[in-house]
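S.K.: Could you put together the complete structure from these sequences and hints?
There are 2 protein chains.
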Amino acid sequence: MKPDSLSYTVYLEVRKKILSHQIPSGTRLIEGDWARKMDVSRTAVREALTRLLGEHLLVMGERGGYYVKSITADNVREIREIREILEVGALRLAIEKITDEEVAVLEKICDDFTNMVEGGYLNGACEADMKFHESILLFSRNERLMEAYHSSNIPLFHLKLEEVYSHMDDYELTDKEHRRILEAIRERDFKAGKKALKAHLYRGEMAALNME
Amino acid sequence: MKPDSLSYTVYLEVRKKILSHQIPSGTRLIEGDWARKMDVSRTAVREALTRLLGEHLLVMGERGGYYVKSITADNVREIREIREILEVGALRLAIEKITDEEVAVLEKICDDFTNMVEGGYLNGACEADMKFHESILLFSRNERLMEAYHSSNIPLFHLKLEEVYSHMDDYELTDKEHRRILEAIRERDFKAGKKALKAHLYRGEMAALNME
DNA sequence: GCACTAAATTTTGTATACAAAAATACGAAT
DNA sequence: ATTCGTATTTTTGTATACAAAATTTAGTGC
Chain A
5 MKPDSLSYTV YLEVRKKILS HQIPSGTRLI EGDWARKMDV SRTAVREALT
55 RLLGEHLLVM GERGGYYVKS ITADNVREIR EIREILEVGA LRLAIEKITD
105 EEVAVLEKIC DDFTNMVEGG YLNGACEADM KFHESILLFS RNERLMEAYH
155 SSNIPLFHLK LEEVYSHMDD YELTDKEHRR ILEAIRERDF KAGKKALKAH
205 LYRGEMAALN ME
Chain B
5 MKPDSLSYTV YLEVRKKILS HQIPSGTRLI EGDWARKMDV SRTAVREALT
55 RLLGEHLLVM GERGGYYVKS ITADNVREIR EIREILEVGA LRLAIEKITD
105 EEVAVLEKIC DDFTNMVEGG YLNGACEADM KFHESILLFS RNERLMEAYH
155 SSNIPLFHLK LEEVYSHMDD YELTDKEHRR ILEAIRERDF KAGKKALKAH
205 LYRGEMAALN ME
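Chain order of the listed sequences is A and B.
Mapping of the first sequence onto this note's numbering: residues 5 to 216, in sequence order.
Mapping of the second sequence onto this note's numbering: residues 5 to 216, in sequence order.
Honestly, the hints are just simulated from the structure, not real lab data.
Among the hints, a few may not be true.
Copies of one chain are not kept apart here, so a pair can be met inside one copy or by any two copies together.
Unchecked claim - Each computed SDA-like pair below joins lysine to any residue, with the alpha-carbon atoms no more than 25 Å apart:
1. Lys21 / Arg32
2. Lys101 / Glu111
3. Lys195 / Glu147
4. Lys198 / Arg96
5. Lys73 / Arg145
6. Lys6 / Arg67
7. Lys101 / Ala77
8. Lys6 / Pro28
9. Lys202 / Leu126
10. Lys6 / Gly65
11. Lys112 / Leu205
12. Lys101 / Glu88
Treat the numbers as computed from the prediction; the structure is a model and nothing was measured.
M.R.: Listed below in structure tokens is the structure:
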């Protein structure tokens with residue numbers, strides 16, 4: 005599946021739509037429909053869907069058919085658990101390995117978040133939020149850890165939080181918490197960072213659960 | 005990809021061969037060759053390979069082509085890092101949630117390991133070794149955590165350890181270490197379990213590195 | 001109205017065809 | 001012998017065809 009292939013185009017498109025909840029979870033994806041919609045052969049669509057199956061974004065129905073994996077209330081717990089495990093793990097590694105330039109990158113992301121919230125760019129702020137967490141993974145310098153993070157549908161869960169940011173309070177809290185984590189990283193203080201990160205994730209789960 | 009489909013058959017076959025190192029890492033998989041070998045159409049093979057791509061067992065070459073993901077020396081570090089993160093995380097959850105029956109299952113696996121080593125069934129012992137670790141993941145009751153474990157190619161790395169078990173000492177050490185972890189679980193003592201598990205994994209990495 | 005069956009339709013699984021791209025083999029020129 | 005270019009073969013990406021399976025629709029008797 006080369007980056008310039010039709011299958012890859014379809015793969016990216018469907019993936020994006022799933023991750024951004026433009027396709028509701030539980031939806032059945034009809035190969036033919038997507039082939040028509042994207043004007044490619046069913047073969048190309050099938051290949052894209054099969055890959056997404058491998059990435060656990062889709063599941064097979066009992067009697068065949070691709071369905072968007074649905075998120076149950078139980079999954080919120082699962083995702084918080086694994087998210088904490090992976091992010092705290094990444095934090096430990098990142099604190100060992102991070103350079104001053106990279107700390108500056110994190111700070112920049114925090115600033116971007118602040119500015120976008122002030123400017124009313126809430127989707128942008130949400131992106132900066134995700135980026136903050138993904139950057140910590142990146143700075144842990146462990147390819148597999150990043151893969152695990154992505155293939156755990158964490159980004160999916162994260163985007164759902166858009167809906168959570170109902171009050172301006174939430175944005176301000178997020179901002180404060182990110183900066184607390186950042187400071188711990190700057191000081192190479194794993195214990196403080198772990199504490200701040202866990203509190204941050206815990207609040208996120210609570211916010212997500214309250215709105216179900 | 006229904007369980008009775010040809011694609012699924014091919015998927016299972018290729019997957020098994022990769023995980024058991026019957027196909028060396030870095031090998032290019034030619035669609036047509038597998039189609040002939042398994043007597044199915046190239047379409048079915050392609051579908052199987054695409055799924056394995058999604059599962060990160062295969063990667064694409066620069067100019068197309070499916071290759072078995074190779075394990076570099078650097079990966080050994082990466083895998084040990086993520087393995088520790090995931091297994092320690094799973095251990096914490098498992099200790100919270102495990103039932104007495106499940107503790108008994110773990111004990112049975114330890115006994116099986118002992119018996120197979122004594123009987124000279126070294127491959128079987130290796131399987132029991134894997135099973136011990138996977139069971140802890142299972143008892144953590146987090147589907148995504150298990151998925152992350154599997155999609156990090158940890159089982160692949162693990163099987164490579166077959167080669168490591170050169171001396172009978174290694175088996176005895178493994179046995180002792182497993183039982184130490186088991187005891188900690190039985191006592192619901194996370195700190196002791198974590199310590200034993202980390203030591204166990206660390207020794208595993210050392211053994212793996214020595215033989216490169 | 002409801003349960004059940006049969007027919008019609010949709011959807012999937014698989015094979016095949018073929019052009020484009022990549023890899024390989026071969027030979028000439030230096 | 002090495003490098004280059006060209007011809008040949010292999011391999012891939014995509015479309016299409018078609019039978020099998022699943023789903024929907026329609027009709028029937030109750």
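S.K.: Is it within, between, both, or neither for Lys112 and Leu205, if the alpha carbons may be no more than 25 Å apart?
M.R.: within (21 Å within a copy, 37 Å between copies)
S.K.: Within, between, both or neither: how does the pair Lys198, Arg96 come out at a Cα-Cα threshold of 25 Å?
M.R.: both (8 Å within a copy, 16 Å between copies)
S.K.: With identical chains treated as interchangeable, where does the CA-CA distance between Lys73 and Arg145 reach 25 Å or less: within a copy, between copies, both, or neither?
M.R.: Answer is between: at 18 Å across copies they meet the 25 Å cutoff, but 29 Å inside does not.
S.K.: Have a look at Lys6 and Gly65 and pick one of within, between, both or neither, based on CA distance no larger than 25 Å.
M.R.: between (28 Å within a copy, 9 Å between copies)
S.K.: Between copies, within a copy, both or neither: which fits Lys101 and Ala77 at Cα up to 25 Å?
M.R.: Between copies only: 18 Å across chains, 36 Å inside a chain, cut-off 25 Å.
S.K.: Using 25 Å as the alpha carbon limit, work out where Lys101 and Glu111 are close: within a copy, between copies, both or neither.
M.R.: So Lys101 and Glu111 pass the 25 Å test inside one copy only (17 Å; across, 39 Å).
S.K.: Is it within, between, both, or neither for Lys6 and Pro28, if the alpha carbons may be no more than 25 Å apart?
M.R.: between (28 Å within a copy, 23 Å between copies)
S.K.: Check Lys195 against Glu147 for me: Cα-Cα at most 25 Å, and say if that holds within a copy, between copies, both or neither.
M.R.: For Lys195 and Glu147, the Cα distance is within 25 Å only inside one copy (24 Å; across copies 28 Å).
S.K.: Pop the pair Lys21 and Arg32 into one bin, within, between, both or neither, using alpha-carbon distances up to 25 Å.
M.R.: For Lys21 and Arg32, the Cα distance is within 25 Å only inside one copy (13 Å; across copies 32 Å).
S.K.: Can you tell me if Lys202 and Leu126 fall within 25 Å by alpha carbon in one copy, between copies, both or neither?
M.R.: within (24 Å within a copy, 42 Å between copies)
S.K.: Between copies, within a copy, both or neither: which fits Lys6 and Arg67 at Cα up to 25 Å?
M.R.: between (31 Å within a copy, 7 Å between copies)
S.K.: Up to 25 Å between alpha-carbons, please classify Lys101 paired with Glu88: within, between, both or neither.
M.R.: both (20 Å within a copy, 17 Å between copies)
Consistency note: the structure conflicts with none of the earlier hints.
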